[in-house]
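Based on these hints, arrange chains H and Y on the given structure of chain U.
Residue numbers (the working numbering), protein chains in the order written: chain U, 213 to 572; chain H, 10 to 159; chain Y, 52 to 240.
Misleading hints may appear alongside valid ones.
As the list claims (entries may be wrong) - The list that follows gives simulated cross-link-like pairs (lysine to aspartate or glutamate, DMTMM-like), each with its CA atoms no further than 20 Å apart:
hint, chain 1, residue 1, chain 2, residue 2
1, H, Lys142, U, Glu251
2, H, Lys22, U, Glu445
3, H, Lys22, U, Glu459
4, H, Lys32, U, Asp270
5, H, Lys142, U, Asp447
6, U, Lys475, U, Glu450
7, H, Lys22, U, Glu450
8, H, Lys99, U, Glu459
9, H, Lys142, U, Asp335
10, H, Lys32, U, Glu459
11, H, Lys99, U, Asp270
12, H, Lys22, U, Asp335
13, H, Lys142, U, Asp270
14, H, Lys22, U, Asp514
15, H, Lys32, U, Glu461
16, U, Lys322, H, Glu149
Calculated from the structure, these hints are not laboratory results.
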Amino acid sequence: MYVAVKGGERAIDNAHAWLAEERRGDTTVSELSVAQIREQLALAVNRVMAEGSLYDPDLAALAIKQARGDLIEAIFLIRAYRTTLPRLGASLPVKTEEMAVIRRVSATFKDLPGGQILGPTFDYTHRLLDFKLAAEGEVPAAPTAPASTAPVPHVTEFLNREGMIETEPTGDAQPADLTREPMELPANRALRLQAITRGDEGFILSMAYSTQRGYGRTHAFVGELRIGTVAVEMDIPELGFAVEIGEIELTECETVNQFKGSKTVAPQFTRGYGLVFGQTERKAIAMSLVDRSLRWAELGEDYTGAPAQDEEFVLMHADNVQATGFLEHIKLPHYVDFQSELELVRRLRAEVFATQEAAE
Amino acid sequence: MIVHPAPQPTDRKAWMGLLARAKPAHLATLFPQLPPHDFLRAPEIGAVMVRGRIGGTGQPFNLGEMTVTRCALRLGSGTVGHGHVQGRDKAHATRAAVLDALLQTDQAAALQISVLQPLAEGEAQRRATRAAKAAATRVEFFTLVRGEDQ
Amino acid sequence: MNPDALLGGFADAPLQSARAFRGTLEALARPGEIREVTGAMPPAPLSVAAGVLLLILCDGTTSVHLAGAYDCAALRDWITFHCGAPLMAAEDAMFAVGDWDALQPVTRFAVGQPDYPDRSATLIIEMPDLSPQGQRLTGPGIATSAQLSLPETAAFRANRTLFPLGFDAFLTCGTQVAGLPRSTIVEES
Numbered sequence: 213m214y215v216a217v218k219g220g221e222r223a224i225d226n227a228h229a230w231l232a233e234e235r236r237g238d239t240t241v242s243e244l245s246v247a248q249i250r251e252q253l254a255l256a257v258n259r260v261m262a263e264g265s266l267y268d269p270d271l272a273a274l275a276i277k278q279a280r281g282d283l284i285e286a287i288f289l290i291r292a293y294r295t296t297l298p299r300l301g302a303s304l305p306v307k308t309e310e311m312a313v314i315r316r317v318s319a320t321f322k323d324l325p326g327g328q329i330l331g332p333t334f335d336y337t338h339r340l341l342d343f344k345l346a347a348e349g350e351v352p353a354a355p356t357a358p359a360s361t362a363p364v365p366h367v368t369e370f371l372n373r374e375g376m377i378e379t380e381p382t383g384d385a386q387p388a389d390l391t392r393e394p395m396e397l398p399a400n401r402a403l404r405l406q407a408i409t410r411g412d413e414g415f416i417l418s419m420a421y422s423t424q425r426g427y428g429r430t431h432a433f434v435g436e437l438r439i440g441t442v443a444v445e446m447d448i449p450e451l452g453f454a455v456e457i458g459e460i461e462l463t464e465c466e467t468v469n470q471f472k473g474s475k476t477v478a479p480q481f482t483r484g485y486g487l488v489f490g491q492t493e494r495k496a497i498a499m500s501l502v503d504r505s506l507r508w509a510e511l512g513e514d515y516t517g518a519p520a521q522d523e524e525f526v527l528m529h530a531d532n533v534q535a536t537g538f539l540e541h542i543k544l545p546h547y548v549d550f551q552s553e554l555e556l557v558r559r560l561r562a563e564v565f566a567t568q569e570a571a572e
Numbered sequence: 010m011i012v013h014p015a016p017q018p019t020d021r022k023a024w025m026g027l028l029a030r031a032k033p034a035h036l037a038t039l040f041p042q043l044p045p046h047d048f049l050r051a052p053e054i055g056a057v058m059v060r061g062r063i064g065g066t067g068q069p070f071n072l073g074e075m076t077v078t079r080c081a082l083r084l085g086s087g088t089v090g091h092g093h094v095q096g097r098d099k100a101h102a103t104r105a106a107v108l109d110a111l112l113q114t115d116q117a118a119a120l121q122i123s124v125l126q127p128l129a130e131g132e133a134q135r136r137a138t139r140a141a142k143a144a145a146t147r148v149e150f151f152t153l154v155r156g157e158d159q
Numbered sequence: 052m053n054p055d056a057l058l059g060g061f062a063d064a065p066l067q068s069a070r071a072f073r074g075t076l077e078a079l080a081r082p083g084e085i086r087e088v089t090g091a092m093p094p095a096p097l098s099v100a101a102g103v104l105l106l107i108l109c110d111g112t113t114s115v116h117l118a119g120a121y122d123c124a125a126l127r128d129w130i131t132f133h134c135g136a137p138l139m140a141a142e143d144a145m146f147a148v149g150d151w152d153a154l155q156p157v158t159r160f161a162v163g164q165p166d167y168p169d170r171s172a173t174l175i176i177e178m179p180d181l182s183p184q185g186q187r188l189t190g191p192g193i194a195t196s197a198q199l200s201l202p203e204t205a206a207f208r209a210n211r212t213l214f215p216l217g218f219d220a221f222l223t224c225g226t227q228v229a230g231l232p233r234s235t236i237v238e239e240s
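Pulled out of the complex, with its shape left as it was, chain U reads as follows:
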């Protein structure tokens, strides 16, 4: 039971004033600008955009500043902001095969058309703290090499040619949108992917990890991981044709998974899919593993009771704004609820003592 509580306005105002001061920190240290966050904490900005489910680097950077670096709080701010925006429409599906890639690696094929492009990666760094970064300094420009502008084909297309991997059913059905209609279970794959791509990175990572450790194992290889920019096109009814409204950076992961076949399907590889805003490869890989593990029913696999196979468990607990909202609300006043609990326990204790006395 919730009861409106009055009072505390002055305390709240003062708490907010102090919060603002603490956010600024030591004023002898120069203030962080939103542009600095956008440019220099870009992966935090990407995470806030992905889980806030709104692609706008400036807003995400502002949210991080306002939230004092608490990314879930920043995601919450972005989700709240996006509810104030009118929905102008939906884009045409982005063409990731036409992505201008800055990174593209495959763990399944060494020599593939387009090559292995490492991009600006942490992989192969020694994970030793670099104390040179503690001092400000100019960074030399990265080396360049002659580049081709031809689109880089998807790795899974090569497997497709031999019929070695399942093909995705194509079509243009309007996907359900969980930001407009409450999610209903069982969810189809499109709705699951929407829930996972905006889900908490830590949660999706742990779910994916659990499948690797054997809780709903799917034997995943990263067929391809690519990061780059794609054009976003939208149909404009008053024009009668589609125009490009901008460009966004995406991370896409396709896993290739073992599949022993079923009564009707010969053995072939199956797929898991991850697509996430920004440079977010941990999330994209995790997403593709969780996507694949949730497909057990359609592929005729056994349900082993693993958490990552349980659609309700995954989808209903993936959203960190929902989770933190419900978790954190229990610190807010519950005086009346607790009063009734207190009286109940007192009465039960009194009954127990009375019975004991009567027995003695």
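Quick look at chains H and Y alone, frame taken from chain U:
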């Protein structure tokens, strides 16, 4: 009134995309003064749901939204222009819509040179730089020959 | 798209839509009371009030059905540009606009589901005139009783029996709008 040949939809599509992708500050430098215009739809910030395809090739799904600002306006001559640009910059959307309208008039040739060309060159340059840096991180495998019989 | 379709939206959308929304909300909260809403200049045959309702209530996620003479190119284009609403068959529509005869049979419109009564249609009924006389209205939002010139009684009585399911209605004429939610009891006066 001089009648101009209507622009090809492909041309219009191309310049609208170029104007949408332009950095607002760059566009403002290239085309600072806006001619008089009436709004048919005042600049409006909204969200567009970006869609992907399952597995890159399958059925569409909702990936997340992006901020977009749109506007529609009419020049004194009656020509209508539309602007749909990423982000929340109303001046950018207005400038894109004005240019969309002007590019349908006899000013098109001049604007091609003064606005569209520099935008296209700047964009090509940016893309080429990133592609060249990516190319420098391409792995050149070489195999060490091992074993007894060479 | 005809360039005229781009005209006739709100000139000052934040203020005009807020005022119009408030007026519409009041109309639905006080069934039978006739209010004025302005700001839209839609193409014929749509009234100003019905145009305002579409501007404030419809967007890309609300399907609209145009009934009878209202299903014309000028209106389709106007709604597409100003609301972005998809135009649908009566059975799939969340909003329907037309005169009473063209909207028949009204039983084809969505009335919601027991777990989601809100998934029902809202009818915008264009009237040749609208006045506070005619059928007797009682129910939530009405102190004692109200009167409104409804096109008929039986259809609204039948709709009331479905409560909490059922369609909601607005009646429009020129700049006038009156609300008739599914909760209102309609009787011959």
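Here's how the hints hold up against the structure:
For the hint linking Lys142/H to Glu251/U, the alpha-carbon distance of about 18 Å falls within 20 Å, and the restraint holds. The hinted pair formed by Lys22/H and Glu445/U meets the criterion: a straight-line CA distance of about 10 Å does not exceed 20 Å. For the hint pairing Lys22/H with Glu459/U, the CA-to-CA distance comes to about 15 Å; that is within 20 Å, so the pair holds. For a cut-off of 20 Å, the pair hint linking Lys32/H to Asp270/U stands: about 13 Å separates their Cα positions.
This hinted pair does not check out: Lys142/H and Asp447/U have alpha carbons roughly 33 Å apart, beyond 20 Å. Distance hint between Lys475/U and Glu450/U is unfulfilled; the C-alpha atoms sit about 51 Å from each other, more than 20 Å. For the suggested pair Lys22/H and Glu450/U, the alpha carbons sit about 13 Å apart, so the restraint of at most 20 Å is met. Only pairs whose Cα atoms come within 20 Å are accepted, and Lys99/H paired with Glu459/U is accepted, the gap being roughly 18 Å.
Proposed proximity of Lys142/H and Asp335/U is supported: the alpha carbons are some 17 Å apart, at most 20 Å. Only pairs whose Cα atoms come within 20 Å are accepted, and Lys32/H paired with Glu459/U is accepted, the gap being roughly 12 Å. A hinted pair counts as satisfied when its Cα atoms are at most 20 Å apart, and Lys99/H with Asp270/U qualifies at roughly 15 Å. Restraint check for Lys22/H and Asp335/U: the C-alpha separation of about 40 Å exceeds 20 Å, so the hint is violated.
Taken as a hint, the Lys142/H and Asp270/U pair is broken in the structure, with Cα atoms around 25 Å apart against an allowance of 20 Å. Of the pairs offered as hints, the one joining Lys22/H and Asp514/U is violated, with about 50 Å between alpha carbons and a cut-off of 20 Å exceeded. For the proposed pair Lys32/H and Glu461/U, the alpha carbon gap of about 16 Å is at most 20 Å, so the pair holds. Between the alpha carbons of Lys322/U and Glu149/H the distance comes to roughly 10 Å, so the proposed pair stays at or under 20 Å and holds.
Hint compliance for this structure: hints 5, 6, 12, 13 and 14 are broken, all remaining hints hold.
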